[in-house]
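Undergrad: Could you build all of it, start to finish, from the sequences and the hints given here?
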Amino acid sequence: MKSEVVVLFAGDSGDGIQLMGNAFAQEAAHEGHAVRTFSDFPAEIRAPQGSLSGVSGFKLQFGGDSVHTPGDQADVLVVMNAAAYKKYQNALKPEGLVLANSSGFDGRNAALAGYAPGEDPLEAVRAKYRTVAVDVRKQVSAALVESSLSTKERDRTKNFFVLGLLSWMYQFPQEQFKSFIRRKFAKSEALLAANLLVFEVGHALGETLEVSAAAPVAKAKPAPGQYRTLVGNQALALGLLAAAEKANLPFFFGGYPITPASDILHELVRHRRADRIVFQAEDEIAAAVAAIGAAYGGSLAVTASSGPGISLKAEAMGLAVALELPLVVVNIQRGGPSTGLPTKTEQSDLMQALYGRHGEAPMPVLAARSATDAFDTAYLAARIAVECMTPVLLLSDGFVANSAEAWKFPSAADLPEITTSRPDGPPADGNPFAPYRRDANGVRPWAVPGQVGLAHRIGGLGKEPDSGNISYAPQDHAAQVAARAHKVNRVRRYYEPSACECGATEGEILLVGWGGTYGSLKAATESLRSEGVSVAHLHLRHVFPLPEDLGPLLRAFGRVLVAELNSGQLLQLIRSETLVDARGVNKVQGLPFTTDELREAVFQNSAQIR
Amino acid sequence: MATANDYASDQDVRWCPGCGDYSILKQFLTVLAQLDADPDRTVVVSGIGCSSRMPYYVNTYGVHSIHGRAPALVTGLRMTRPDLDVWVVTGDGDALSIGGNHLIHLLRRNVKAPILLFNNEIYGLTKGQYSPTSGVGQRTKSSPTGAVDEPFVPTALALGAGATFLARSIDRDPEHLRTALHRAHGHAGSAFVEIYQNCNVFHDGAFDAFSNKEDKAVHFLPVVHGQPLLFGPNQSHGMVLDGLVPRTVDLTEGTWSANDCWIHDETDRVKAGILAEMHGEVRPFGVLYAVQRPVYEESVAALPPTETASSLDEMFAGQRTWEVL
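Sequences listed follow chains R and Z, in order. The numbering of the first sequence is our numbering, which starts it at 277 and goes up by one. The numbering of the second sequence is our numbering, which starts it at 497 and goes up by one.
The hints are simulated quantities; they were obtained by calculation from the structure and are not laboratory data. Wrong hints could be hidden among the right ones.
Covered stretches of chain Z (chain R as the covering partner; in silico rule of three or more C-beta atoms under 8 angstroms from a C-beta of chain R) [what the hints assert, rightly or not]:
{"id": "1", "region": "555 to 563"}
{"id": "2", "region": "703 to 717"}
{"id": "3", "region": "794 to 807"}
{"id": "4", "region": "815 to 821"}
Rough simulated footprint, nothing fancy, chain Z against chain R, three-plus residues with beta-carbon under 8 angstroms [stated by the list, open to error]:
{"id": "5", "region": "551 to 559"}
{"id": "6", "region": "589 to 601"}
Examples of chain Z residues lying across from chain R (beta carbon under 8 angstroms, computed) [as the list claims (entries may be wrong)]:
{"id": "7", "residue": "Gly572"}
{"id": "8", "residue": "His601"}
{"id": "9", "residue": "Phe812"}
This structure is a prediction, so every number in the text was calculated from the model and none was measured. Idealized CB from N, CA, C, for every residue including glycine.
TA: Shown next as structure tokens:
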């Protein structure tokens with residue numbers, strides 16, 4: 277029994293690699309395995325076929341409860357062409373297995389991948405790894421000889437042929453895959469029939485080939501409940517919709533196409549109803565400002581973007597801070613600066629989230645740690661926005677956005693209630709309505725147009741307390757700056773007590789992380805602890821304001837390591853807020869941490885403090 | 497019967513003494529009173545600039561937003577709250593420079609809202625820089641030897657962006673302005689109203705030709721649907737179309753009569769283009785163009801729902817679930 281297996285799918289971006297990977301991930305999850313996935317695709321839509329720049333990759337790890345990441349080195353590398361092999365040839369364990377589509381290794385493909393003339397890349401594969409080569413193109417065209425599909429369409433069924441082969445290897449029930457295919461191709465009978473057929477042929481080939489059925493893989497012991505699979509951006513979108521409904525508010529989303537945030541727009545538009553408006557704006561600024569307009573009108577309003585799009589929304593966030601309207605701003609972080617690495621993951625926008633607005637403009641900042649956690653964090657971000665009358669920044673990243681997981685979905689009835697500060701009517705004392713009169717938590721009332729007797733004006737200018745009338749008076753400005761800061765600090769009332777993942781309260785090393793590095797840190801910590809290393813893992817959901825109990829917890833450890841996919845942004849915050857002499861573990865390559873990198877950092881620091 | 501004063505807020509108006517904005521505010525408040533507008537259902541939204549202070553002076557709901565973004569805010573507000581009566585107040589810098597993108601997209605979408613663009617051909621609040629409507633050669637604080645930028649003609653820009661309603665009026669003609677505001681308010685869609693507004697501090701007299709008693713008659717061409725284009729003292733002159741070229745003719749010579757003149761048809765897109773571009777000594781005032789096209793927020797509301805789940809629980813479950821016991 278293997279405790280986990282890592283499969284890496286790679287091929288041309290036109291080969292349907294992401295679909296193949298996601299389908300396999302869904303079936304593995306459905307079979308009861310814990311699953312984590314990682315998409316590694318090029319920013320180009322159709323880079324020249326067969327070229328290195330056009331290679332798309334999808335890695336997944338499945339197995340028992342020890343699976344927290346998409347894994348590091350692969351056990352099985354599925355390569356659809358020579359370029360894919362060239363790109364990922366070192367991503368496989370030495371004892372790993374290569375499943376190669378030999379039709380993708382012909383002379384033309386070899387040349388496109390940059391192999392020298394006369395060099396046989398498939399021979400190179402065989403020389404290095406245990407290899408099973410199948411001419412997938414030939415197999416599918418033979419299987420589909422009677423199909424009405426064009427040659428090109430037949431060729432596109434290659435991915436389901438490979439899935440057939442893999443489903444045999446891992447003994448996944450065929451019927452599950454077939455129902456996936458039926459849903460996927462419900463609109464075209466010919467495509468449906470062809471994909472079902474090649475899947476069966478692939479499965480049958482497994483039995484006749486020299487591929488032995490793989491050793492059984494451990495299953496997870498998940499908590500009882502109802503499960504489904506979903507990816508991070510989808511979970512995030514559902515969390516926002518759930519919050520609107522629980523708050524009894526209409527929902528508005530303003531977006532503009534940008535990678536990797538666009539899938540939120542795509543998911544939300546699939547849930548459109550009269551009370552859920554999804555708006556594709558003319559630019560990032562309008563997407564954010566239209567959301568502010570909707571918030572003023574009484575909707576739960578959201579805008580989402582990535583990289584440069586978030587920079588463009590900075591001015592609007594400042595307005596939302598000044599107006600004190602609820603707004604969720606989602607940042608699916610990618611590599612920067614500027615256009616940077618659109619399809620790669622990074623955590624380099626933390627300082628921007630905290631301080632990227634002019635003036636003192638504090639906003640609560642939350643970070644989603646995994647695909648399923650994106651639901652909970654989005655729900656909480658929306659709840660804080662509405663209940664505290666503040667814009668909230670919700671950070672995710674390219675890794676979380678695209679990674680698939682099994683989700684034990686909640687019952688709507690069990691989600692926390694969300695209340696609004698909507699006033700019932702004009703003040704009973706006959707005085708004019710005061711839009712900036714705050715409650716004990718610093719929250720102002722959310723009166724919306726149409727409410728009788730509550731007409732009022734709000735704006736971005738300096739304002740008088742209570743009335744919100746324009747005021748440049750020094751004491752009024754100071755009072756408003758302090759009141760907004762107080763309101764954001766009071767968001768801490770939503771926090772759970774800080775606690776390490778493993779339950780440790782003291783020890784030698786504490787690994788602190790935030791956001792999408794959760795799985796990597798958890799996996800590294802578990803493996804180290806199983807070897808007796810004194811290390812614990814703390815993962816922050818609330819990066820601003822930091823929890824008040826953070827300092828005492830950090831001080832209970834010999835050394836605090838802040839691990840993040842940037843050059844040390846949370847590190848600076850933690851050092852300045854807690855005065856703990858924390859050290860950074862940093863990676864800025866557009867890629868997640870590997871377990872080995874984190875283990876190595878812990879060992880080094882452990883040796884230093886001994 | 498409500499009066500303009502009933503719609504004035506309790507805030508001190510802080511424009512420079514003599515500013516054209518006072519008149520526009522007065523006419524706006526009067527129009528609200530004439531419409532018997534419900535202050536609880538009326539929202540005035542502005543950007544940044546002298547003109548954009550207006551929401552603070554109107555006793556309705558209001559938002560003084562950020563520079564150039566009022567059309568975007570209004571788009572979100574109207575999409576979610578089509579029950580509200582929403583007005584946009586903006587200026588030449590706000591609408592045509594920093595907010596140009598939002599303006600053109602509001603117009604092409606045809607979001608229902610009158611857009612009152614106070615055009616004073618100058619940045620007033622920042623104390624006198626040239627604006628996107630300043631003329632070539634205009635000397636300002638930031639163009640001491642004269643601006644070289646070709647100005648926008650706002651009506652032409654708006655028409656090019658797909659506006660369904662175009663009007664021009666002026667601060668110093670209260671009755672004309674009120675009529676334009678009424679028409680704009682009644683339009684089902686984006687109603688673009690360019691209002692010539694005198695900045696007596698930084699660009700005084702910019703529109704004297706269209707407001708001074710002695711000059712107005714020869715420069716101010718009133719356009720009224722179904723009526724010939726006549727202007728000048730005692731309607732001494734008219735506008736005829738020579739092909740697609742407008743020409744001024746003297747009606748006192750006996751060669752031409754009012755019957756020969758161009759009859760204004762505010763639904764004619766081609767002629768609206770000629771009027772919108774007419775930007776010389778003689779300029780048209782009134783409703784230049786008014787047509788019906790689907791209103792954006794109504795089209796959005798008419799989209800079929802895509803949600804197939806009938807509850808949150810169904811939405812969470814999606815297409816395929818399994819149970820762990």
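Undergrad: Decide, hint by hint, whether the structure agrees.
TA: Verification of the supplied hints:
With 8 residues carrying a beta carbon less than 8 angstroms from a beta carbon of chain R, the region 555 to 563 of chain Z meets the three-residue requirement, and the given coverage holds. Note: the region 703 to 717 of chain Z has 0 residues with beta-carbon separation from chain R under 8 angstroms; the three-residue rule is not met and the coverage is violated. By the rule of at least three residues with a Cβ nearer than 8 angstroms to a Cβ of chain R, the coverage given for the region 794 to 807 of chain Z holds, with 8 such residues. By the rule of at least three residues with a Cβ nearer than 8 angstroms to a Cβ of chain R, the coverage given for the region 815 to 821 of chain Z holds, with 7 such residues.
Remark: the region 551 to 559 of chain R is confirmed as covered by chain Z, as 6 of its residues place a Cβ nearer than 8 angstroms to a Cβ of that chain, reaching the required three. Counting residues of the region 589 to 601 of chain R whose CB falls under 8 angstroms from any CB of chain Z gives 5; the rule of at least 3 is met. About 3 angstroms separates the beta-carbon of Gly572 of chain Z from the nearest beta-carbon of chain R, less than 8 angstroms, and the hint is met. Annotation: His601 of chain Z was flagged as interfacial toward chain R, and the flag holds, the nearest CB pair being 4 angstroms apart, inside 8 angstroms.
Below 8 angstroms, beta-carbon pairs count as interface contacts, and Phe812 of chain Z has one with chain R at about 4 angstroms; its hint therefore holds.
Going down the numbered hints, you'll see the structure goes against just number 2.
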